[in-house]
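Under UniProt numbering, think of the first position of the sequence shown as 1, with each following residue one higher.
Hint data in this document are derived by calculation from the structure and do not stem from the laboratory.
A virtual CB, placed ideally from N, CA and C, is assigned to each residue, including glycine.
Careful: at least some of the hints might be erroneous.
Have a look at the derived ranges for each label pair, beta carbon to beta carbon [unchecked claim]:
| hint | residue 1 | residue 2 | range |
| --- | --- | --- | --- |
| 1 | Asn365 | Asp16 | 46 to 54 Å |
| 2 | Gly542 | Glu128 | 34 to 42 Å |
| 3 | Gly120 | Asp508 | 56 to 64 Å |
| 4 | Lys262 | Asp315 | 20 to 28 Å |
Lysine-lysine pairs mimicking DSS-like chemistry, simulated, CA-CA at most 30 Å apart [what the hints assert, rightly or not]:
| hint | residue 1 | residue 2 |
| --- | --- | --- |
| 5 | Lys353 | Lys233 |
| 6 | Lys414 | Lys437 |
| 7 | Lys155 | Lys257 |
| 8 | Lys257 | Lys54 |
| 9 | Lys233 | Lys216 |
| 10 | Lys173 | Lys136 |
| 11 | Lys5 | Lys29 |
| 12 | Lys353 | Lys136 |
| 13 | Lys257 | Lys30 |
| 14 | Lys30 | Lys262 |
| 15 | Lys353 | Lys144 |
| 16 | Lys184 | Lys216 |
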Amino acid sequence: MGISKLTTDKVKERMDIEEVIGDYLPMKKKGQNLWANCPFHGEKTPSFSISPAKQIYKCFGCGKAGDPIQFIMDIEGIGFQEAIKHIAGRYGIEVEEDETRTPEQNEAQNERESLLIALGFARDFFVENLQTAEGKSIGLSYFKERGFTPAIIEKFDLGYALDGWDNLLNAAKSAGFKEEILLKAGLILQKEGDASRVYDRFRNRVIFAIHNISGKPLGFGARILTKDKNQPKYINSPETPVYHKSDVLYGMFQAKKAIREKDNCYLVEGYTDVVSLHLSGIENVVASSGTSLTDGQIKLIKRFTDQVTVLYDGDAAGIKASLRGIDLLLEGGLNVKAVVFPDGEDPDSYSRKVGSQAFQDYLENNSRDFIGFKIGLYKEEFTKNPIRKAEVIREVVLSIGKIPDPIIRSVYAKEASGLLGIEEDIIHAELNKTLLKSQKDNYYSQKDEAFAEQAVNELIPDETATTFSEILRIQEREMIRILVNYGWQKLGDEEMHLCQYLLSETEDLDFTTPIYNRILDLYRNSLLQGEIPTSEYFIGLGDKEIQLEVIDLITVRHEVSHHWADTHQIIINTESDDLTITGFKSILRLKRKMVQKLMEEAKEKIKNAESEQLDDDKVHEFQVIYFELKKVQLEIDKELGIVIG
1 MGISKLTTDK VKERMDIEEV IGDYLPMKKK GQNLWANCPF HGEKTPSFSI
51 SPAKQIYKCF GCGKAGDPIQ FIMDIEGIGF QEAIKHIAGR YGIEVEEDET
101 RTPEQNEAQN ERESLLIALG FARDFFVENL QTAEGKSIGL SYFKERGFTP
151 AIIEKFDLGY ALDGWDNLLN AAKSAGFKEE ILLKAGLILQ KEGDASRVYD
201 RFRNRVIFAI HNISGKPLGF GARILTKDKN QPKYINSPET PVYHKSDVLY
251 GMFQAKKAIR EKDNCYLVEG YTDVVSLHLS GIENVVASSG TSLTDGQIKL
301 IKRFTDQVTV LYDGDAAGIK ASLRGIDLLL EGGLNVKAVV FPDGEDPDSY
351 SRKVGSQAFQ DYLENNSRDF IGFKIGLYKE EFTKNPIRKA EVIREVVLSI
401 GKIPDPIIRS VYAKEASGLL GIEEDIIHAE LNKTLLKSQK DNYYSQKDEA
451 FAEQAVNELI PDETATTFSE ILRIQEREMI RILVNYGWQK LGDEEMHLCQ
501 YLLSETEDLD FTTPIYNRIL DLYRNSLLQG EIPTSEYFIG LGDKEIQLEV
551 IDLITVRHEV SHHWADTHQI IINTESDDLT ITGFKSILRL KRKMVQKLME
601 EAKEKIKNAE SEQLDDDKVH EFQVIYFELK KVQLEIDKEL GIVIG
């Protein structure tokens, strides 16, 4: 069923954009707004602006914008109603159903929602199986042997898949789920060569639920408990419309709050490593689930912190094979440290061996930055082998070159110089060669892309796009920007609102940009109903195009620092200080562009009349129109203080 309007209104009244986005991103205050690295595109310098006063966000890099509801829709990839439920859950708001919806509408669920519901059912099924006789004797006893407490089992939705071919299949079908949805969710399989035969994917295994960042199950990892060498130790959910392995980290839902509070993320390999660290009182930990790190996973970590500590098993050969992950983390703008456990130990086994406090102390005392860690791995190899030392220097320099921040690069270059016993100038020289090569490769790659784009543009020329039309669009935008931002304010001591002046002056003007015409129409309609619309009115209409445009109009990228006035006593006038002048000049600039457009059209008519050898009277008529328009332009120029030679 749908969500009632009352619930939606309660959510909108209660939600706070700083709190909602704060669950996902670390933010820093600058001026009136908060800033963060955009979660929707890779960036190293924050361009994602959050306005607590206006309850909107805007990325100046990729253009994403909206209110708290839109943010949840974008970040979670869910629909409007799911976003409302998500925010309602955060604030403890009871979700009421909309009784007015038809049965057909109630049955109409999109595929994603159906998959998430099916996966939620499977999660509950596996959890409940732990209370069966088979589940207690096999699954629950395994968890207890590893020291997993009932609270931890519940926290991570740990479960058990019964030994049988169709236990989940039959339970799900009895609950009304179709085989098609169960297949797409990766919960069942079709028998090879016989599509009519389907069976459970997970059987006779303990289950680790894999959650998205808001706690919904997306997939499962299943560990075998027998010693059958013909079976893999782990079976994992396949890629599905809702589960993309490259964008998910196991344990992130349980860890995100602690990661933000500790400003550090421990990165381990497997499911049990994550659970064991939680048992040791360390909650800021996630796992790559045994796969190589991806850009999506690195960006996910960076939403919550810039610090990551990689925990390695005590296996030198395995560590060296996985060092590429450190380079990817550095390239992603993260500050990287590493901890190595004693030979034969991993985070899970070592935490159980030494106990919680000793384990925490070990992490604290053995954490090394990536330079010291990497050089230490190869120290024995290059101590007596100069050629190997040269290779290690190049490998270390390549890693330093991945760091986007030049100051941090310089610090690590100095540290590497001391640890390797080599002049710092040599490190910098090699580093500059590496950076130059990287820049050249990037330049030629971009050049190839630009060439391809140019070739396409030449094949399909945009005959309507001209410099003048773009200038006119910008001026139309400026007038609409002032209208939306300040239209409700009164002009000086007069009773007239700014919007009344702007709309009366533009009543006979035809805007060339459709979106601005739409905003004008909506503004006028609202005035007819006795309401002066604010930016909140347009953002709340539910029109995505209008919402994005209005957020762009009201979002300011740069602010004048308060230190100018507070410390230096330098007062800078703003456009809102005298709205009479601001509105007047905005209208004049818009009319000037309109007049110039008409002049261009008159010139074109004169040119066509002369080429077609029309009578002199017709040519003269167009010339008179042109010069009359020119007079108007000069009058406007005079008012604006524009001097043209």
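A quick look at each hint next to the structure:
1. Distance hint check: the CB atoms of asparagine 365 and aspartate 16 are about 40 Å apart, inconsistent with the given range 46 to 54 Å.
2. At roughly 40 Å, the beta carbons of glycine 542 and glutamate 128 sit within the given window of 34 to 42 Å.
3. Separation of glycine 120 from aspartate 508 is about 59 Å and conforms to the stated range, judged on CB atoms against 56 to 64 Å.
4. A beta carbon spacing of about 27 Å between lysine 262 and aspartate 315 agrees with the range 20 to 28 Å that was offered as a hint.
5. The straight-line distance between the Cα atoms of lysine 353 and lysine 233 is roughly 23 Å, inside the 30 Å bound, and the hint therefore holds.
6. At roughly 21 Å between alpha-carbon atoms, lysine 414 and lysine 437 fall within 30 Å of each other, so this suggested pair holds.
7. In summary, the hint linking lysine 155 to lysine 257 is supported, as the alpha carbons are separated by about 14 Å, within the 30 Å threshold.
8. Note on lysine 257 and lysine 54: the hinted pairing holds, with a Cα-Cα distance of about 26 Å set against a maximum of 30 Å.
9. At roughly 25 Å between alpha-carbon atoms, lysine 233 and lysine 216 fall within 30 Å of each other, so this suggested pair holds.
10. For the proposed pair lysine 173 and lysine 136, the alpha carbon gap of about 25 Å is at most 30 Å, so the pair holds.
11. Proximity of lysine 5 to lysine 29 is assessed by CA-CA distance (about 34 Å); at most 30 Å being required, the pair is judged violated.
12. Restraint check: the Cα-Cα separation between lysine 353 and lysine 136 comes to about 25 Å, which is no more than 30 Å; the hinted pair holds.
13. At most 30 Å may separate the alpha-carbon atoms for a hinted pair to count; lysine 257 and lysine 30 meet this at roughly 23 Å.
14. For the suggested pair lysine 30 and lysine 262, the alpha carbons sit about 22 Å apart, so the restraint of at most 30 Å is met.
15. Of the supplied pair hints, the one linking lysine 353 and lysine 144 holds, its CA atoms being roughly 15 Å apart against a limit of 30 Å.
16. As the CA atoms of lysine 184 and lysine 216 are separated by approximately 17 Å, the hinted pair is consistent with the 30 Å bound.
Checked against the numbered hints above, the structure breaks hints 1, 11 and satisfies the rest.
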